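Participant: Note that the protein sequences, when read in sequence, are chains P and C.
Sequential numbering from 1 applies to the first sequence in our numbering.
Sequential numbering from 1 applies to the second sequence in our numbering.
Calculated from the structure, these hints are not laboratory results.
For clarity, every value in this text was computed on a predicted model and none was experimentally measured.
We treat Cβ as the ideally placed atom computed from N, Cα and C, and that holds for glycine.
One or more hints might be untrue.
Which chain C residues face chain P? A few, computed with CB under 8 Å, are given here [said to hold, decoys possible]:
(1) G85
(2) Q150
(3) V165
(4) D167
(5) I213
(6) N216
(7) V321
(8) V331
(9) S334
(10) G340
(11) K371
(12) R375
(13) D377
(14) G378
(15) H379
(16) R381
Ranges between beta-carbon positions, derived for each pair [said to hold, decoys possible]:
(17) N184(P) with R322(C): 52 to 60 Å
(18) S41(C) with R315(P): 23 to 31 Å
(19) E149(P) with E253(C): 33 to 41 Å
(20) D236(P) with R161(C): 41 to 49 Å
(21) R315(P) with S31(C): 53 to 61 Å
(22) G267(C) with G63(P): 36 to 44 Å
(23) R71(P) with V65(C): 20 to 28 Å
A short list of chain P residues far from chain C (calculated; beta carbon distances all over 12 Å) [what the hints assert, rightly or not]:
(24) L15
(25) E32
(26) D36
(27) A43
(28) G173
(29) A265
(30) S271
(31) S280
(32) V338
(33) T368
There are 2 protein chains.
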Amino acid sequence: MGAAELIESRCEELLEANRSDVSRARSLGASETQIDRLRLSEARVTQMAGALRVVAGLDDPVGRVVDGGVRPNGLRVERVRVPLGVVGVIYENRPNVTSDAAGLCIKAGNATMLRGSSSSLGSNKVVVSCFCDALSKSGLPPDGVLLVEQVDHDSALEFMRLQGVLDCLIPRGGPSLLASVRENATVPTVLDGDGNCHIYVDRAADLQTATDIVVNAKTQRPSVCNAAESLLVHRDVAREFLPVLTAAMEDVELLGDEATRAIVAAGEATSEDYATEFLSLKLSVAVVEDLDGAVEHIARYGSGHSEAIVTRDLRAADEFVRRVDAAAVVVNASTRFVDGGELGLGAEIGISTQKLHARGPMGLEALTSVKFVIRGDGHVR
Amino acid sequence: MGAAELIESRCEELLEANRSDVSRARSLGASETQIDRLRLSEARVTQMAGALRVVAGLDDPVGRVVDGGVRPNGLRVERVRVPLGVVGVIYENRPNVTSDAAGLCIKAGNATMLRGSSSSLGSNKVVVSCFCDALSKSGLPPDGVLLVEQVDHDSALEFMRLQGVLDCLIPRGGPSLLASVRENATVPTVLDGDGNCHIYVDRAADLQTATDIVVNAKTQRPSVCNAAESLLVHRDVAREFLPVLTAAMEDVELLGDEATRAIVAAGEATSEDYATEFLSLKLSVAVVEDLDGAVEHIARYGSGHSEAIVTRDLRAADEFVRRVDAAAVVVNASTRFVDGGELGLGAEIGISTQKLHARGPMGLEALTSVKFVIRGDGHVR
Numbered sequence: 001m002g003a004a005e006l007i008e009s010r011c012e013e014l015l016e017a018n019r020s021d022v023s024r025a026r027s028l029g030a031s032e033t034q035i036d037r038l039r040l041s042e043a044r045v046t047q048m049a050g051a052l053r054v055v056a057g058l059d060d061p062v063g064r065v066v067d068g069g070v071r072p073n074g075l076r077v078e079r080v081r082v083p084l085g086v087v088g089v090i091y092e093n094r095p096n097v098t099s100d101a102a103g104l105c106i107k108a109g110n111a112t113m114l115r116g117s118s119s120s121l122g123s124n125k126v127v128v129s130c131f132c133d134a135l136s137k138s139g140l141p142p143d144g145v146l147l148v149e150q151v152d153h154d155s156a157l158e159f160m161r162l163q164g165v166l167d168c169l170i171p172r173g174g175p176s177l178l179a180s181v182r183e184n185a186t187v188p189t190v191l192d193g194d195g196n197c198h199i200y201v202d203r204a205a206d207l208q209t210a211t212d213i214v215v216n217a218k219t220q221r222p223s224v225c226n227a228a229e230s231l232l233v234h235r236d237v238a239r240e241f242l243p244v245l246t247a248a249m250e251d252v253e254l255l256g257d258e259a260t261r262a263i264v265a266a267g268e269a270t271s272e273d274y275a276t277e278f279l280s281l282k283l284s285v286a287v288v289e290d291l292d293g294a295v296e297h298i299a300r301y302g303s304g305h306s307e308a309i310v311t312r313d314l315r316a317a318d319e320f321v322r323r324v325d326a327a328a329v330v331v332n333a334s335t336r337f338v339d340g341g342e343l344g345l346g347a348e349i350g351i352s353t354q355k356l357h358a359r360g361p362m363g364l365e366a367l368t369s370v371k372f373v374i375r376g377d378g379h380v381r
Numbered sequence: 001m002g003a004a005e006l007i008e009s010r011c012e013e014l015l016e017a018n019r020s021d022v023s024r025a026r027s028l029g030a031s032e033t034q035i036d037r038l039r040l041s042e043a044r045v046t047q048m049a050g051a052l053r054v055v056a057g058l059d060d061p062v063g064r065v066v067d068g069g070v071r072p073n074g075l076r077v078e079r080v081r082v083p084l085g086v087v088g089v090i091y092e093n094r095p096n097v098t099s100d101a102a103g104l105c106i107k108a109g110n111a112t113m114l115r116g117s118s119s120s121l122g123s124n125k126v127v128v129s130c131f132c133d134a135l136s137k138s139g140l141p142p143d144g145v146l147l148v149e150q151v152d153h154d155s156a157l158e159f160m161r162l163q164g165v166l167d168c169l170i171p172r173g174g175p176s177l178l179a180s181v182r183e184n185a186t187v188p189t190v191l192d193g194d195g196n197c198h199i200y201v202d203r204a205a206d207l208q209t210a211t212d213i214v215v216n217a218k219t220q221r222p223s224v225c226n227a228a229e230s231l232l233v234h235r236d237v238a239r240e241f242l243p244v245l246t247a248a249m250e251d252v253e254l255l256g257d258e259a260t261r262a263i264v265a266a267g268e269a270t271s272e273d274y275a276t277e278f279l280s281l282k283l284s285v286a287v288v289e290d291l292d293g294a295v296e297h298i299a300r301y302g303s304g305h306s307e308a309i310v311t312r313d314l315r316a317a318d319e320f321v322r323r324v325d326a327a328a329v330v331v332n333a334s335t336r337f338v339d340g341g342e343l344g345l346g347a348e349i350g351i352s353t354q355k356l357h358a359r360g361p362m363g364l365e366a367l368t369s370v371k372f373v374i375r376g377d378g379h380v381r
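Can you build the whole structure from these sequences, using the hints too?
Facilitator: What follows is the structure in structure tokens.
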């Protein structure tokens, strides 16, 4: 797509800009986690370019006929996928979001306005300039990818209220960004929300499978939204399962209810703990009476992201799938699979936890709309 | 569905409540148009019940598999339609919206909270009580249809901000209601917007067809959103077409640009006129240079609802379809067909002019979301 090659060929310039961003962030007191998210390396730049090549190779969603037919009066009706128009993305300090978002938006036929954080402004400028050059070279308007360079608080609010300019706003960031978008945005939004993901180990679970899944979902990459944060165990298997599990993941700190603490060493879990997305090697644990208890716990504390059951009982699996209200419901697999790449979308611009427009991992299709095309032969009512 | 029969059997009680609503509205100085929208008759009640029977007979969208497949690692992935959850509807004074909205929401598996206007409160109470009884008789929770009985301004604002309660808010009403929702809502919304609909009569139009379509689109029911409000005529056919057209719809008042006024009697059209949804027997007219001129005029003044072209030229038709950005693009047919019933959706809860979630007439599918269901056999990453 051109932009991938340009980013690679301008790698040194990008790393130079990024080093300035990092040293400025450090002097302003950024935490090591923030610095790690901000910092680029040659390997990360290669990854950015690789991700763009994956997107470039995906099927173009625009023009796809969603459904259609002929009405009894002979009118021909189709719904056709069209670009959204101008997609705004407001995000925090990972510079790779700049290239990922721009690539996906352009591939789906949209223009995009990117509003990154002040800390990554220098890096973002270089990335966006690669896109503008690539657009020009392809004979497209170079302002198809625009970076908002004014990055104070007021400009963020203004950005969320660009009615008539933005057809869609996608925020990617923490709870305070999402809350601000909910409160202030006047343009249509798709929220990429938190993942307080549960795994329910049913009475009929294969306990080795359950151990593998919980260990994977909790520890393989604890900082991401599809990592497990909470474990629910059926009381009939808690005594056998919990000691095996804790032995298999000794690095993980447990916070449990009374029944849990009677079986394994764990801190006391508060309601707040059950509602928390730790994003670290912590796991809240509750022993539940039955599947009803698991479903109720999830309804109370879940964030509607990804919820899993481990069971060999078909009826329990079906009931869990039907009753749990979340973007993704997973049976006998790790919640870590709830990801655009893993589910076959090719790439994702975020994971929606709202129910309108897109739910779950959002790929190219989530960056399109539809248009009714109606063809007649002089039809009147 | 039970509710239809109950509404018919309680017709007299409903008409009695409606008479009180009407006389109260009249004493508060409501206009005749408002009174007409508010007033029920035996025939209208029969229509309400009939509309519910149509909805009851539609295919259930819930549980439909949208797409799915097996990943290379054996993980089975499906996207399945699920209810949205709780749908809020805020609307102005037509009591039939109460039964239409409740019927559609329930059919799609949702609970609904209805916030009608104060003027129709008495009528709405009777309609909602029929639904509650019908739900009870079917063994469903009677509060699946709730009427908000506090109908002051503050309660409307509160309603738009019921985060965690409303999964979706659909406003149905005039521009001031929509503006208030845009400004104040914190819950996800789908806007049912204005229809400033255009008909472009191309150089290659069959002029008899064009006359039939414009007359139908303007005069068959001028008060609705899919009626035509503006006519664009290619300059090569304006001199022949406009006199024939005006002779065919003498009741319609024209507001035209200079080129139009040189051909037929018309008032002078301002930019504001071109941007106005008249909802009456008025039509703004402009003579355009070519298809480009028509597309540009529509981009400037259109509201993204329904836009039509009349032409025998395939290339012009295709270009218009591709370039015009609207919920519905119509070739050689009246804009009046942009309607849920006419397009085969069975019934509609509104016509979305936004691009997210639903665009154009919204039927049952627009009242659902999707859920990823992922089935593995102990899969971990």
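Participant: The structure should be examined with respect to each hint, and the outcome stated for every one.
Facilitator: Status of the hints after comparison with the structure:
no.	hint	in the structure
1	G85	holds (7 Å)
2	Q150	violated (23 Å)
3	V165	violated (13 Å)
4	D167	holds (5 Å)
5	I213	holds (6 Å)
6	N216	holds (4 Å)
7	V321	holds (6 Å)
8	V331	holds (5 Å)
9	S334	holds (5 Å)
10	G340	violated (11 Å)
11	K371	holds (6 Å)
12	R375	holds (5 Å)
13	D377	holds (6 Å)
14	G378	holds (4 Å)
15	H379	holds (4 Å)
16	R381	holds (5 Å)
17	N184(P) with R322(C): 52 to 60 Å	violated (35 Å)
18	S41(C) with R315(P): 23 to 31 Å	violated (52 Å)
19	E149(P) with E253(C): 33 to 41 Å	violated (50 Å)
20	D236(P) with R161(C): 41 to 49 Å	holds (43 Å)
21	R315(P) with S31(C): 53 to 61 Å	holds (59 Å)
22	G267(C) with G63(P): 36 to 44 Å	holds (42 Å)
23	R71(P) with V65(C): 20 to 28 Å	holds (26 Å)
24	L15	holds (30 Å)
25	E32	holds (26 Å)
26	D36	holds (21 Å)
27	A43	holds (20 Å)
28	G173	holds (17 Å)
29	A265	holds (25 Å)
30	S271	holds (16 Å)
31	S280	holds (18 Å)
32	V338	violated (7 Å)
33	T368	violated (9 Å)
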